[in-house]
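K.L.:
In the order they appear, the protein sequences are chains A and B. Sequence positions in the first sequence follow my numbering and run 659 to 1000. Sequence positions in the second sequence follow my numbering and run 659 to 1000.
Worth flagging that the hints you see were computed from the coordinates, not collected in a lab. It is possible that some hints are incorrect.
Identical copies go unnamed one by one, so any copy, or any two together, can satisfy a pair.
[Unchecked claim] Derived DMTMM-like pairs: lysine to aspartate or glutamate, alpha-carbon spacing no greater than 20 Å straight-line:
| id | residue 1 | residue 2 |
| --- | --- | --- |
| 1 | 813 | 702 |
| 2 | 813 | 697 |
| 3 | 674 | 711 |
| 4 | 772 | 867 |
| 5 | 924 | 865 |
| 6 | 813 | 939 |
| 7 | 674 | 970 |
| 8 | 813 | 767 |
For clarity, every value in this text was computed on a predicted model and none was experimentally measured.
One-letter residues, chain by chain:
2 protein chains.
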Amino acid sequence: MSILLDAVTVTETRRKGDVEPLVRLARDDMSVVDALIVERMQSDVAVIPMLADHIVAAGGKRLRPLLTVAAARAANAPSGMEAPVRLAAAVEFIHTATLLHDDIVDASDLRRGKVAAHLIWGAPSSVLVGDFLFARAFELMVETGQMRALGILAKASSVISEGEVLQLTRAHDLNLDQDTYLQIISAKTAELFAAAAEAGAVGAGADEEVVQALRAYGLNLGIAFQLADDALDYGGASSTLGKNAGDDFNEGKATLPLLLAVARTKGHDDGFWERTINRGERTPDDFKRARELVVGAGAIGATLDVAGDYADRAKAALSPVPDGPWREALELLADFAVSRAT
Amino acid sequence: MSILLDAVTVTETRRKGDVEPLVRLARDDMSVVDALIVERMQSDVAVIPMLADHIVAAGGKRLRPLLTVAAARAANAPSGMEAPVRLAAAVEFIHTATLLHDDIVDASDLRRGKVAAHLIWGAPSSVLVGDFLFARAFELMVETGQMRALGILAKASSVISEGEVLQLTRAHDLNLDQDTYLQIISAKTAELFAAAAEAGAVGAGADEEVVQALRAYGLNLGIAFQLADDALDYGGASSTLGKNAGDDFNEGKATLPLLLAVARTKGHDDGFWERTINRGERTPDDFKRARELVVGAGAIGATLDVAGDYADRAKAALSPVPDGPWREALELLADFAVSRAT
């Protein structure tokens, strides 16, 4: 039927990655980015900085602005160069705006380990503060004077929305083909990784070959990350469940682990998938059964193998990028994208 | 207490304006704008152009992109000049995005005479398609290569969100002071009128004095328009009610006609305002009483007098703009902003 469905079900032995070397290298630049983020989310309208701070301060990994900074530095930008740092803050604002809007779209309860903003301040405020942060992102980009970088992030923003709408209209479709699944995660997740890295390289004035290399790195890294996230939602390859495990299943989201499990257990699931995903009739106990079916079908391992392939492509894409600690840290990040789920 | 509350309650005799002369002058440019709008709202994700077409095709007056085109031409731009036309399409996309999001925020049933998009496709799709159109607006702006115009519209976008949030948090406050009311309508409505005109002038390469004149025109025009809209929501100065009359009252929105009526009928309203606005306990019959109180207090006339003052300021601001049919048409538009409500 397809390469993915025939994939081996045992995860290959892969190098254990690490995000810390990159975090350490980028510490000074990222503290400038953080200060800019706090400065630019201010407003005289009090609820805006309150709501923005709730989600921004929760922080997460700041992976996307980190990519912007790292791409610039890997392309030999001097430390603290202004354009990449501003573009990085803009990237985080775009990401935060999409998180605020996604939480409304998905009716999520939690975000970054905290109660979702729309449950505290209401969906209207979350919609409008998302719009505010999105607009502020473009104001930051304008300050760099870098029209090409601005175009890259504007294009990424429209592609992200397209991916989100596509996911919304196909969310509960057990017949989703893997090309469409890859199209969805490329658009909703990987495009911003790609644009974040590309904009950083452009902002640093890198050669075209290096710009394209860093874009390709970001795109493949983003796909690997999302695949690993989707595997982690079913517990990943370990036996311990993360705190948000089960969210995708409980939202009826047709991710790769689920699609593989459905294809591999068809006819042997007593109508379980039809009931829980297609008809959306789920009980709190169903996730346990879903996970057993997903794990039993080898769908976690297969998903992580695909993720590993994309991580390899990300590393290979870096060949035109100058050798050095930044490139090495980016390679370790690609491995980390997958190894955190194993 | 304040100038507004002491204002005369009889509407001054004002020149009857007209929007048609401007529409006729701009017909060719606006047909290029319309074609661009249709072209750029396309997407392979089918629900996006469907939803976008639902609101864009409903059209309305396209007043904001008309301002961009008119400002460029009033500043002597040649017919069909590319930058102003693209900026005009971007302005309409920003406006449409805010309409989609506002309808969710206000839980509106109707928009431009049609069922609101979120009631057909759901709020999640409306949020995401709004984001898509907003991103596409910036893509269009990038194509002009006009960083300054882009900065003007990015800034306007963040100011609009701030105005919307401010309105949201103060919507039901009968003690709203008129400065805050003016701040809200300046931000949520007039800022885009101002930016639309300013960006058109900048896109046409106008002198700084003319750019600032057209910005000031747009800002004052926008305030006049919103004040007249707020008066029309209580029927305006005529005895016939428009089809959306009563919306503001039924949403408990503290607009100037209401604020003036409350101040002028205090102690003689049997707790009507306290019940219907502050406590939000309204019956379908309450609008009739509200309108009687608003009209009886002279609040419609007073609101339109204030609107007329802003229309006069808009016309006066045009003095640095070259004489000619475009400037004359803009003057008639300023009068029309108010006279349509009388």
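K.L.:
Hint by hint, where does the structure go against what was stated? Just the numbers, ascending.
P.N.:
3, 4, 5, 6, 8
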